[in-house]
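Student: Protein chains in written order, with numbering that gives the first Met the number 0: chain A, 0 to 432; chain B, 0 to 432.
Honestly, the hints are just simulated from the structure, not real lab data.
Treat the hints with caution; some may be incorrect.
Given that identical chains are not distinguished, each listed pair holds provided it fits within a single copy or across any two copies.
[Unchecked claim] Calculated lysine to aspartate or glutamate pairs in the EDC-like style (CA-CA distance at most 16 Å, straight line):
#1 K218 x D56
#2 K71 x D60
#3 K279 x D22
#4 K71 x D56
#5 K279 x D381
#6 K372 x D22
#7 K71 x D243
#8 K279 x D329
#9 K396 x D410
#10 K218 x E52
#11 K279 x E312
#12 K372 x D286
#13 K71 x D359
#14 K6 x D248
#15 K385 x E363
#16 K6 x E312
Computed from a predicted structure; not experimentally measured.
Protein chains: 2
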Amino acid sequence: MGHVMDKLVRFGVAPVMGDQAHDAREMMAMSLLDWATVAIAGRNEPVARIVREMAVDDGGDGQASIVGRSRKLPVRAAAMVNGVASHALDYDDTHFAHIGHPSVAVVPAALAVSEWIRAPGSELLDAALVGVEGSIRLGRWLGRNHYQTGFHQTATAGAFGATLAAGRLLALSSHQMAHALGLCATRASGLKSQFGTMGKPYHAGLATETGVEVARAAKAGFTSAREGIEGPQGFGRTHAGEGDMTAFDGLGRQWDSLTISHKFHACCHGIHAMLEALSKIDCAAGDVAEIQLWTHPRWMSVCNIPHPSTGLEVKFSYAHCAAMILSDVDTAALESFSDQVARDPALVALASRVHVVADDNISETAARVEVTKNNGAVLSRDHNLKAPVRLADRRLKLEAKSRALLGERADQLIEAVGSLPDLPALCTLLRTS
Amino acid sequence: MGHVMDKLVRFGVAPVMGDQAHDAREMMAMSLLDWATVAIAGRNEPVARIVREMAVDDGGDGQASIVGRSRKLPVRAAAMVNGVASHALDYDDTHFAHIGHPSVAVVPAALAVSEWIRAPGSELLDAALVGVEGSIRLGRWLGRNHYQTGFHQTATAGAFGATLAAGRLLALSSHQMAHALGLCATRASGLKSQFGTMGKPYHAGLATETGVEVARAAKAGFTSAREGIEGPQGFGRTHAGEGDMTAFDGLGRQWDSLTISHKFHACCHGIHAMLEALSKIDCAAGDVAEIQLWTHPRWMSVCNIPHPSTGLEVKFSYAHCAAMILSDVDTAALESFSDQVARDPALVALASRVHVVADDNISETAARVEVTKNNGAVLSRDHNLKAPVRLADRRLKLEAKSRALLGERADQLIEAVGSLPDLPALCTLLRTS
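Produce the entire structure from the sequences given, and follow the hints as far as they go.
Tutor: Written out as structure tokens, the structure is:
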């Protein structure tokens, strides 16, 4: 068995423990709240509706809850439906080193399987945490080259994380977990070229469905390639993986999950540092002559659509988002990313005066902005998303986000998730949303 | 829209016509017979059982028949179950330039959707033909490099073929077909490192399920990347595709499907030329001192397991298969590829005297063998699988294969498929097998 396979299997079946375990669980509980918030808020996005209606048409055994409909579906289908809904708004959590969105790929698998087997909330939480952590580590192992080549870690590394979560809940043996991960290696897929289309949120559904299916298959005796991840023709080498083994340092003792970022603007995470920096600048839109933005080069192929024509494309446009925040459009609100906003002449005119500069000296989580006013004055600010946020402060911000998106229903959700999820209450809220 | 996307979309929605259309349809009808034969024969293989039981447990709307159980399942699930069953024996058809197994990825999607929408047999046949042809062309476009890097065209190119077949039956517009193919680009997956495990037959299920799902999604309004196949981060470039546009020459007028090979030995197709060559040599096993085999280098990583320990591994072992045919073990019979045969001391001893030589001068479809007898005499033969077989002769061989595998039931199947499939009769045979 390869080193990576071995490490993931051991981690996947071991108890969650160690000095950081308490904080990591608290962080996971917050991510679960955030996940449920954006899943409920995104349940009626077109992509979420299409995938849900297909699954409902198929029907089947009522094993697990889906967001936005009262009927339950087979665990596989529920994972897919909830995965897509939760990534539909692109408002879910991110881990920059991962490189991707960990919770949307892992939580729906963990949740559906937990409901199916009636696991206690503590087991759901540990399974989601192990899955998220495993996906982050594997995402780091695949590395920058995997992403830059065109793969989407949310989908690819995410599928392995979902496999760990589902496999753990199904109490797979080490042997079975290895087969599940090996099978995942031949199913995991997802290309960055789908960004800006319904294909991107679909990736979360694919990843999480894969985790459920390969874990169930392994439980039933399915065999797969032991060298599926790391071998000469394993997932890593065939998918431009970097193979940096330090990605697994401290696995089981230290938690990368503690450095997950949550989103407080309803657009691509690559744009957030710019928005935070611009929000520190006091200048009315009418006074702006020109905006210069310095950002890390990796974002140029991700969120630098210069002339977005739809609300979805606006989420991936530095220029338009800069124009929006300078014009006091609320970038936290979902309604702000509409086709109408994309076409707004004043915003389009202001966006045309935004110049984006790729700069290797800027970290990926940071941005620097310089606004030149009509009177010649120049205002400059920067921001780094990595600036730490205390757990208690993060919870307050996430609860506020939940209320902003869900209104009064947020209070029930906040109560159902808490620090130890009340699984039946959470599932009921998803079904009745 | 990229050139490849454009060509596939046009081909996918156009009527089947031209000078070769009659022969291509006749060939497809034979492949359909062969597909149903191996699906029925393979229905109780462990991998087929596992996948079927998972799908049956999920249940759902009875839209399409599955092999080996009387109850119908949603079209998605039926495609998956039948895809896996039909590739479980590795006894299905092959196209060497493709590089893979076209029918197992395409036919299950075409069949399930046809049954669901009650399409006439002529539409099933044309959809399967267009899907198979499209997958072969795309497999050629992805090329040798895609395969040698570690991808399995059966799974990858096959998914696009299944998409064309399902999309055509669902009467997708050109616009919708492009979205279906674009979405397929982010789902298609399958690694050669699974060869010798249950992961390989699973690839056929994945491909054909993908075709059904992306076609349904596109019909319902799903959007995806227009550059999903050919763009800078499209499927081709991210998956080591060669991008040879001549792969599409004559598409719609000439049919690569006419050069599909059907299997008459129950093992990996890379071994067949050697078996045919050895079958021309008259030498009792006890008289053999040594066997030398020359084969194309590409097969060395596919079917040269030197010491197989299971019946499944024997199917990918030149040495063991050579020992078997020289010892008069029937390589057409499924029972011959057992764990017991893998362990047979006499076969193991003879296999240890087989020397496999990779030789660039041998074509991929050919083999040369040299048997040195204990008395010092040397016998040499070669064989090329590309030597043409007349359609009428091929039909006779396929009907004989069907009878060898299915006994008396073969006659009903042969009648149900014919040159124009009787869809209800065919589905009934699958369900009651």
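Student: Hint by hint, note whether the structure agrees.
Tutor: Results for each hint:
1. Taking the closest pair of Cα atoms, K218 and D56 come within 16 Å of each other only across two copies (14 Å); inside a single copy the shortest separation is 27 Å, beyond that limit.
2. Proximity of K71 to D60 under the C-alpha cut-off of 16 Å is found in both arrangements, the shortest distances being 8 Å within a copy and 14 Å between copies.
3. In this homomeric assembly, K279 and D22 never come within 16 Å of each other (Cα to Cα): the closest approach is 31 Å inside a single copy and 71 Å across copies.
4. Taking the shortest alpha-carbon separations for K71 and D56, both the intra-copy value of 12 Å and the inter-copy value of 14 Å come in at or below 16 Å.
5. For the homomeric pair K279 and D381, the shortest alpha-carbon distance inside one copy (9 Å) is at most 16 Å, but the shortest distance between copies (78 Å) is not.
6. In this assembly of identical chains, the alpha carbons of K372 and D22 never lie at most 16 Å apart, being 45 Å within a copy and 73 Å across copies at closest.
7. Proximity of K71 and D243 under a CA criterion of 16 Å is satisfied in neither setting, with 41 Å inside one chain copy and 47 Å between copies.
8. Taking the closest pair of Cα atoms, K279 and D329 come within 16 Å of each other only inside a single copy of the chain (15 Å); across copies the shortest separation is 79 Å, beyond that limit.
9. Proximity of K396 and D410 under a CA criterion of 16 Å is satisfied intra-copy only: 14 Å inside one chain copy versus 70 Å between copies.
10. Taking CA atoms no more than 16 Å apart as the test, K218 paired with E52 passes between copies only; the shortest distance there is 12 Å, against 29 Å inside one copy.
11. Taking CA atoms no more than 16 Å apart as the test, K279 paired with E312 passes in neither setting, with 25 Å inside one copy and 65 Å between copies.
12. For the homomeric pair K372 and D286, the shortest alpha-carbon distance inside one copy (5 Å) is at most 16 Å, but the shortest distance between copies (95 Å) is not.
13. In this homomeric assembly, K71 and D359 never come within 16 Å of each other (Cα to Cα): the closest approach is 49 Å inside a single copy and 57 Å across copies.
14. With identical chains, the CA atoms of K6 and D248 are at most 16 Å apart within one copy only, with a shortest distance of 10 Å there and 48 Å across copies.
15. In this assembly of identical chains, K385 and E363 lie within 16 Å of each other by CA distance solely inside one copy; the values are 10 Å within and 55 Å between copies.
16. When the C-alpha separation of K6 and E312 is checked against a cutoff of 16 Å, the pair qualifies neither within a copy, at 39 Å, nor between copies, at 27 Å.
Checked against the numbered hints given earlier, the structure breaks hints 3, 6, 7, 11, 13 and 16 and satisfies all the rest.
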